[in-house]
Amino acid sequence: MEKNQFSRRSFLEKTALIGAAGVVGMGVISSCNSKSKIVEYAFPPLLDKAPDGKKLRAGLVGCGNRGTGAALNFLAAGNDLELVALADVFEDKVWDCRTKLNKQRVEVPEANCFWGFDGYKSLLEVDLDIVILATPPHFRPEHFDACVQAKKHVFLEKPVCVDPVGARQIIATSKKAENIGLTVITGTQRRHQRDYLETYKQVASGAIGDIKAAKAWWLQTHVWFRTREEGWSDMEYMLRNWNNFNWLCGDHILDTHVHNIDIINWFVGKHPQEAIGFGGRQRRLTGDQYDFFSIDFEFGDGVFSHSMSRQIDDCANTLGERIIGTEGYTNCKNTIYNPDGSVKWRYDYPKNKDGRSTEVVKVSPYVQEHIHLVTSIRTNSPVVEAERTAISTLTAIMARTAAYTGQKVTWEDMLNSTEKLGPDKYEMGSVNMEFPVPIPGTQHKA
Amino acid sequence: MIDKTIKRKHYLLFIAGGLTAIFFLALFNKTIHYTSTNEFCASCHVHPHAEAEWKLSIHHNTPSGVSVNCVDCHLPPEDQQLRFVTRKAYHGMYDLYAYLTLDAEEIDWAEKRSREASKRFVYEDGCKKCHTNMFPSTLNALGAESHLKYLRDPDNTSCLQCHQGVGHYRGEIGLTLEAESNTGPQEIYTSLTEITKFSNFDEKLPGTSVSFNMLAIPGGQFNMGTPTSEPYRQIDEGPVREVVVDSFWIAEIEVSWNEYLAFFRATVSQGRKEAIETDEETDGISGATPPWGAPDQGWGKGTRPAITMTHLGAETYCRWLTSVTGRKYRLPTEAEWEYAARGGTNSPYFFDGSPNDFESDGFWNKLFGADTSVINSYAIYLENSPVKTQPPLRVQANPFGLKNMLGNVAEFCLDYYDPSVYAKYPKGVVSNPRGPRNGLEHVIRGGSYNNSAKDLRVGRRDFTKTKEWLVTDPQIPKSIWWYSDCKNVGFRVVCEYNPKQINSEKDKK
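Chain order of the listed sequences is X and E. Take 1 as the starting number for the first sequence in my numbering and just add one per residue. Take 1 as the starting number for the second sequence in my numbering and just add one per residue.
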């Protein structure tokens with residue numbers, strides 16, 4: 001009833017939370033291995049629901065399917081969470097999203113709906129605490145910086161940029177956010193997924209010995225595309241078909257495979273030093289991107305990782321990660337194997353009524369990441385994940401560059417690269433850009 | 001009793017000493033503070049303009065009213081005590097010296113405003129002591145990029161690089177931000193270098209970013225061949241003959257991968273036709289077939305000498321160069337090569353020393369090792385290569401300005417090889433001698449990364465071994481473009497000098 005009333009329930013929740021928060025940033029000792037090591041990693045508090053606290057108001061920038069989904073994930077994270085504003089480059093996308101949300105009984109005031117390239121600026125003027133950024137990744141660095149300048153907490157969808165300049169922008173803005181105590185969570189849901197986190201604890205405390213090699217793969221059918229409709233300008237066509245243009249999407253090695261790359265960086269404990277790889281295009285109908293990539297990452301000290309990504313129908317399509325250590329291997333997700341292939345450890349999933357494992361974590365990782373966001377804000381323990389996701393995105397960009405150019409590309413190259421994709425200014429109309437498919441052995445002209 | 005007095009005296013001494021120490025420390029601290037005031041600085045710093053500029057600067061004229069003093073920037077922060085005191089003493093002594101001996105009018109104040117000079121008397125730790133947050137939320141994209149770069153590479157970046165005039169007002173210059181220059185693709189040459197006289201020139205290949213330096217070698221007479229007195233002399237190196245060669249241009253370095261790949265790209269043929277074809281519709285020259293594997297052996301391309309091409313490949317390269325430039329390029333004759341390599345000298349090498357000094361097979365050198373510092377600086381050879389080619393800039397040039405005549409890779413010559421050709425030259429002083437009219441193998445001159453000192457002698461001769469160098473080529477017929485088993489031979493180009501042609505070109509202008 002009264003907000004300030006101290007209820008027994010909220011007291012219990014808070015105490016539980018302090019316990020959970022205590023885990024964050026502290027060492028976790030695993031007793032599974034005789035050679036147990038202290039794990040240095042900021043584990044997210046794995047609550048089923050964010051604690052109650054002050055009402056948090058969020059705005060969504062990028063009203064496509066993922067944006068709408070992310071907004072609903074946010075609302076499912078706890079009590080007193082509101083979605084109060086929408087922005088997208090296209091007006092129809094905004095109303096579409098509003099209608100979808102309406103069906104879920106989420107009412108966004110009409111006055112808080114904005115569109116156009118500057119729609120996000122208007123959205124930042126609404127009284128908000130959190131901004132969810134789910135536009136095509138090209139716009140993320142600029143939007144993210146504007147949010148931090150406006151002192152908003154942010155949820156950043158992955159990938160967080162499409163080029164090295166953008167990656168460095170994200171890293172700098174990430175430091176700004178840390179300096180003023182904001183929380184920034186990124187859409188790297190595997191890092192908020194309980195089975196992955198438990199497996200990581202096992203590996204980090206020595207369950208497979210020293211990591212020697214890894215592989216990661218995202219092999220799937222072709223993805224969505226839009227052919228050009230009458231009346232669409234160059235810009236409108238590219239934006240509506242953004243997943244097929246490198247300057248907007250960054251190619252699928254960023255768009256999807258960055259998840260796997262992020263896992264390998266996480267488990268190995270660092271980013272690779274260099275990449276050599278290749279890719280090509282055989283089946284795509286629109287845009288300027290590749291259909292497949294095969295990349296060899298060199299981490300130094302003899303550790304390497306093979307990365308594969310492909311979007312072609314009717315092939316051996318599967319996805320996952322594997323990490324090989326001196327004393328076993330893991331699928332990163334839920335199982336540790338002995339060198340002979342026998343199972344050494346398996347994540348204990350919740351059981352259904354019949355006592356069988358559900359094979360699914362208790363809380364959807366897509367909600368779990370928003371629980372993390374809300375919990376961090378409400379317990380005043382800021383977390384900023386943007387830099388590490390920028391590093392994983394830059395790892396994918398290094399791989400893409402290696403494939404596009406045919407050259408060996410180093411991390412140093414990426415830190416010094418002035419590659420910035422996209423047109424000089426954003427406006428609807430014709431765009432003076434060329435879209436040659438990259439040819440290895442030649443300088444890639446973006 | 002006595003003991004007691006002594007003890008009391010000790011106490012008194014101890015207390016007196018302690019008090020003195022405290023007194024001096026206090027005085028010292030006071031001195032430090034007194035000598036760190038702006039007034040003290042200004043009392044002998046004869047640069048009233050500096051004070052005036054500081055008063056106008058954003059470090060004094062601040063919106064918040066906080067003023068930053070001389071020592072905050074011009075000395076390390078006080079909490080770095082030892083460094084603070086020593087730097088203070090150093091600057092104090094230097095300023096006193098300057099005050100007493102220099103005329104303020106004559107000091108080059110403008111020079112002191114440069115970024116380089118500022119490193120001598122501005123301490124960046126001072127900046128960072130106050131400016132602790134390098135990423136304020138309002139920082140713009142270029143600022144963020146620059147600060148990240150500073151974090152990454154503090155040795156080659158500095159605060160003052162962008163934030164000039166912040167301590168002393170120099171007008172509204174704002175930030176001198178240097179947006180990282182986009183190095184981008186290299187310049188693509190569109191036209192040839194014009195030659196109007198016999199001098200060095202840079203040959204630029206149109207449509208590429210490849211260029212190489214051609215040095216003008218004035219003709220002259222020299223002794224070709226090795227005197228019988230020279231250690232390690234082989235029978236085919238004599239008899240010594242008096243030879244005259246005409247003027248010519250020769251490349252400063254051995255043909256690099258950059259150069260050879262420009263040719264390869266322009267002329268590459270589809271596959272193994274294995275016959276020299278001329279195609280009138282294109283540029284008339286059909287070049288090498290694509291090689292198998294890595295012809296650079298994985299040692300790197302760029303400016304390293306191109307290797308493993310056959311003698312035919314090298315000659316075809318020259319024909320292509322001729323067609324591209326309109327100038328007559330070819331391999332050097334053996335006489336031209338030796339003339340260029342000797343550079344006017346008459347010793348075993350164009351530098352000082354005998355092969356006996358550098359070879360490690362003699363008794364002395366076996367025991368104590370050879371002093372190879374001289375040969376090291378002039379040639380890439382067995383002892384310093386480590387068994388692979390190296391970029392040409394690592395060595396010093398010979399008296400004509402040519403690099404690696406004796407090392408890095410051995411070099412094809414135009415002539416067929418004949419072990420007794422020197423004796424067959426016409427009697428007397430020979431002018432522009434050539435090898436035999438026909439033959440199977442060509443002359444190779446100069447040592448390589450794979451040779452020891454004795455084989456780097458200027459007079460040493462060698463020749464191609466076509467069959468041996470194709471032993472492991474698994475295809476039949478074997479390649480006419482790439483040797484499968486020879487990695488230490490490359491070549492250098494010569495451009496013929498034709499005074500009439502140059503003069504007629506001059507007239508046209």
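Be aware that one or more of the hints could be misleading.
[Claimed, not checked] The list that follows gives simulated cross-link-like pairs (lysine to any residue, SDA-like), each with its CA atoms no further than 20 Å apart:
#1 X/Lys333 <-> X/Arg322
#2 X/Lys420 <-> E/Asn376
#3 E/Lys129 <-> X/Arg322
#4 E/Lys128 <-> X/Glu178
#5 E/Lys149 <-> X/Arg322
#6 X/Lys55 <-> X/Arg388
#7 X/Lys151 <-> E/Thr138
#8 E/Lys129 <-> X/Asn179
#9 E/Lys128 <-> X/Leu415
#10 E/Lys149 <-> X/Pro382
#11 X/Lys408 <-> E/Leu261
#12 X/Lys408 <-> E/Lys301
#13 E/Lys149 <-> X/Lys55
Derived by calculation from the structure, the hints in this document are not laboratory data.
Right, here's what the structure says about each hint:
| no. | hint | result |
| --- | --- | --- |
| 1 | X/Lys333 <-> X/Arg322 | holds, 9 Å |
| 2 | X/Lys420 <-> E/Asn376 | violated, 45 Å |
| 3 | E/Lys129 <-> X/Arg322 | violated, 46 Å |
| 4 | E/Lys128 <-> X/Glu178 | holds, 18 Å |
| 5 | E/Lys149 <-> X/Arg322 | violated, 34 Å |
| 6 | X/Lys55 <-> X/Arg388 | violated, 29 Å |
| 7 | X/Lys151 <-> E/Thr138 | holds, 10 Å |
| 8 | E/Lys129 <-> X/Asn179 | holds, 16 Å |
| 9 | E/Lys128 <-> X/Leu415 | violated, 23 Å |
| 10 | E/Lys149 <-> X/Pro382 | violated, 26 Å |
| 11 | X/Lys408 <-> E/Leu261 | holds, 19 Å |
| 12 | X/Lys408 <-> E/Lys301 | holds, 14 Å |
| 13 | E/Lys149 <-> X/Lys55 | violated, 39 Å |
This entry does not satisfy hints 2, 3, 5, 6, 9, 10, 13, going by the numbered hints stated previously.
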